[in-house]
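Asks: So the sequence lines, in the order shown, correspond to chains A and B.
Residue 302 in my numbering sits at position 302 of the first sequence; the count goes up by one each step and never skips.
Residue 245 in my numbering sits at position 245 of the second sequence; the count goes up by one each step and never skips.
Everything labelled a hint here was simulated from the structure, so no lab data went into it.
Treat the hints loosely; a few may be bogus.
[Unchecked claim] To give an idea of the interface, some chain B residues facing chain A are shown, with a C-beta separation under 8 Å as derived from the structure:
1) Leu24
2) Phe158
3) Leu160
4) Thr167
5) Leu175
6) Ile299
7) Leu311
8) Ile323
9) Leu327
10) Leu331
For glycine and all other residues, C-beta sits at the position ideal for the given N, C-alpha and C.
What follows is the residue order along each chain.
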Amino acid sequence: MTAQLSVNANQVEKDYRANSLWRMTLRRIGKQRNAIIGMVILGILLLVAILAPVLAPYDPIEVLIGVEDVGKREAPCIHLLGCPADQPQHIMGTDGNVRDVFSRVIYGTRYSLFLGFTAIGIAIGVGAVLGAISGYYGGWLDMIIMRILDVLMAFPSLLLAIAIVSVLGPGLSNALVAIGIVSIPVYARVVRASVLTVKEQEYVKASKALGGSHMHILIDRILPNSVPPLIVRGTLGIGTAILDAAALSFLGLGAQPPMPEWGTMLGSERNQVFSAPHLVFYPGIAIMITVLAFNLIGDGLRDAIDPRLSNT
Amino acid sequence: MQRWSFLLNKLKWAVISILFVIVLNFFLFRILPGDPVRAGIRDPRLTAAAQEALRVKYGLDKPVINCFETLNPLRTGPCLINPLETQFFIYAGNLLKGELGISYHTNRPVASMLATYLWNTVLLIGFAEIFSIVLGITAGLVAAWKSRTAVDFGTLIFSLVAWSLPTFWLGIVLLFAGSTWLGLPVGGKFTIGQFYAGGGEKFLDLLRHLILPTITLTVVVMGEYMMIMRSTVLEVLSEDYILTAKAKGLSTFQILKDHALRNAMLPMVTIIALNLGFTVAGAIQIETVFSWPGLGLAIFEAVGRRDYPMLQGAFLLIAVSVIFANLIADLLYSYLDPRVQVG
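Assemble the whole structure, with the sequences as input and the hints as a guide.
Replies: Right, here's the structure in full:
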């Protein structure tokens with residue numbers, strides 16, 4: 001009897017590790033079909049972005065006049081689907097400047113992913129600092145910071161981005177900065193909220209009593225708590241950022257031609273929708289798939305990280 | 001008593017937010033590089049005297065605010081001047097009188113221009129909101145009730161895809177489909193050059209022009225409503241009082257209508273009010289695609305023409321509307337759920 005009751009320290013250690021918060025979360029993510037599908041799509045998109053020079057049959061900004069026997073805005077020609085073999089193959093046709101649309105769509109993956117990750121990276125960086133200061137120190141500093149962020153939130157994000165770009169001037173990097181600024185309030189609020197909930201916890205007080213500096217307490221004791229909600233919000237935020245960036249480019253305020261950015265491609269050919277619908281169709285589908293991947297992951301992560309929701 | 005102090009507090013913050021917005025809005029467009037007169041009018045034939053006259057007309061000859069002549073290039077000026085002689089306080093004073101300045105492009109007062117644009121946007125957003133609220137709530141309710149069936153799955157897929165669609169792209173696709181196969185107009189508010197026998201005919205033409213933009217905005221907005229409604233109803237359905245209702249022998253319809261819908265509407269009301277900003281952003285894209293003469297198209301055109309008074313006015317109008325929508329959401333929520341005021 002006593003042998004059975006004796007506690008095997010190794011076993012406890014193992015159980016503890018197997019049931020750590022991160023392991024449990026990972027296991028729950030594994031059960032989220034949405035998140036898995038989203039991650040597979042995102043994985044493929046990342047591969048496409050990295051391997052763009054290998055996958056794309058043409059240079060995305062090369063004008064094919066004189067290079068090949070194709071005209072502008074020609075319909076897709078796929079050899080497998082019965083397009084004559086003596087004609088050059090353009091899976092998604094050519095655009096108004098006689099460029100291969102397929103190659104442009106492939107290279108567009110790079111711009112959208114880069115824009116989404118960078119803009120939200122900036123927003124999380126600035127937002128986390130503001131939110132942490134606001135929540136940790138409180139008082140008038142908190143009030144001023146949060147009031148300003150509330151005002152930023154009163155503007156629809158796309159509208160504020162339009163305002164900022166019209167101040168900075170159109171262009172890819174300015175659109176990126178604008179979308180980053182617009183997204184700051186969300187992350188500042190997330191961090192502030194989680195700082196407020198753990199600020200008064202025993203272990204934080206203990207850390208203070210042990211003489212920990214403000215920086216140490218904030219970074220090592222408090223901020224790790226805001227990582228899970230930041231990941232969820234960030235993933236969903238990237239989707240929105242990509243949509244907003246595409247909308248800015250569509251309106252002529254983001255990436256400028258001849259950059260193979262999906263929104264720009266749509267914007268420059270939008271009036272040709274009746275004569276060459278393929279020019280509008282493919283970039284839009286590409287945007288949708290990319291945003292859908294992030295939304296699926298974000299949705300699944302939210303359910304996996306917040307156990308309260310997974311019971312329903 | 002508690003309710004009043006809660007409301008007053010909310011109102012106080014709304015007013016402070018609006019003041020912040022006015023300041024931000026004013027200085028944002030003053031940081032712009034270059035001379036608005038030269039940039040906005042872009043006519044090289046204009047003599048120096050004529051340019052100066054325009055500057056006086058738009059009030060640009062005065063310093064921006066005490067100590068600063070212009071913000072970009074940053075040029076400091078005298079600090080000890082009458083603040084009421086500076087651009088900022090003249091702007092603020094005009095705002096109190098309901099004047100938003102004069103458009104650089106049309107030379108007409110911004111306020112009266114915005115009024116016509118606003119009405120068109122309200123029409124578009126109003127129709128789309130009504131449809132998406134009704135459809136979104138119904139679909140969300142049914143999906144939650146039929147949870148884990150094909151209906152639920154379909155609703156989920158639809159809302160996720162709708163959420164991921166670029167609004168402007170959906171607009172173009174529907175424009176193509178609607179005008180090719182259904183013969184719907186491609187844009188604008190009325191058919192150009194059309195003679196109307198009566199008001200009814202004109203109204204029908206307006207409705208025909210509204211169909212495609214409204215469908216686009218509805219699809220984009222309703223996805224979120226469906227998803228939130230579904231998850232809220234799922235939560236409500238797991239409550240004990242739903243079990244009680246079932247045990248009492250109430251019909252499915254009664255349970256959904258009197259118990260599930262009522263309790264799930266609470267978060268929905270706030271979401272709908274808070275969503276106004278998102279809806280406006282969608283409207284900007286849709287109006288550009290369909291040339292619908294609303295605020296969004298006006299903003300898009302003003303950006304291209306560098307018509308800053310117009311942009312300033314439109315942004316102020318939208319920000320104030322969103323702040324009021326948030327205020328209304330707070331008030332409605334406190335009315336529907338009395339616990340909120342205590343917290």
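Asks: For every hint, state whether the structure bears it out.
Replies: Structure-based check of all given hints:
1. Leu24: holds, 6 Å
2. Phe158: Violated: closest Cβ of chain A sits about 12 Å from Phe158 (chain B), beyond 8 Å.
3. Leu160: Since the shortest Cβ distance to chain A is 6 Å, the answer is holds.
4. Thr167: Check passed: Cβ of Thr167 (chain B) comes within 7 Å of chain A, closer than 8 Å.
5. Leu175: holds, 7 Å
6. Ile299: holds, 7 Å
7. Leu311: holds, 7 Å
8. Ile323: Holds, because the Cβ-Cβ distance from Ile323 (chain B) to chain A comes to roughly 5 Å (cut-off 8 Å).
9. Leu327: violated, 11 Å
10. Leu331: Cβ of Leu331 (chain B) sits 17 Å from chain A, so the hint is violated.
Violated hints, listed in ascending order, are 2, 9, 10; each of the other numbered hints is respected by the structure.
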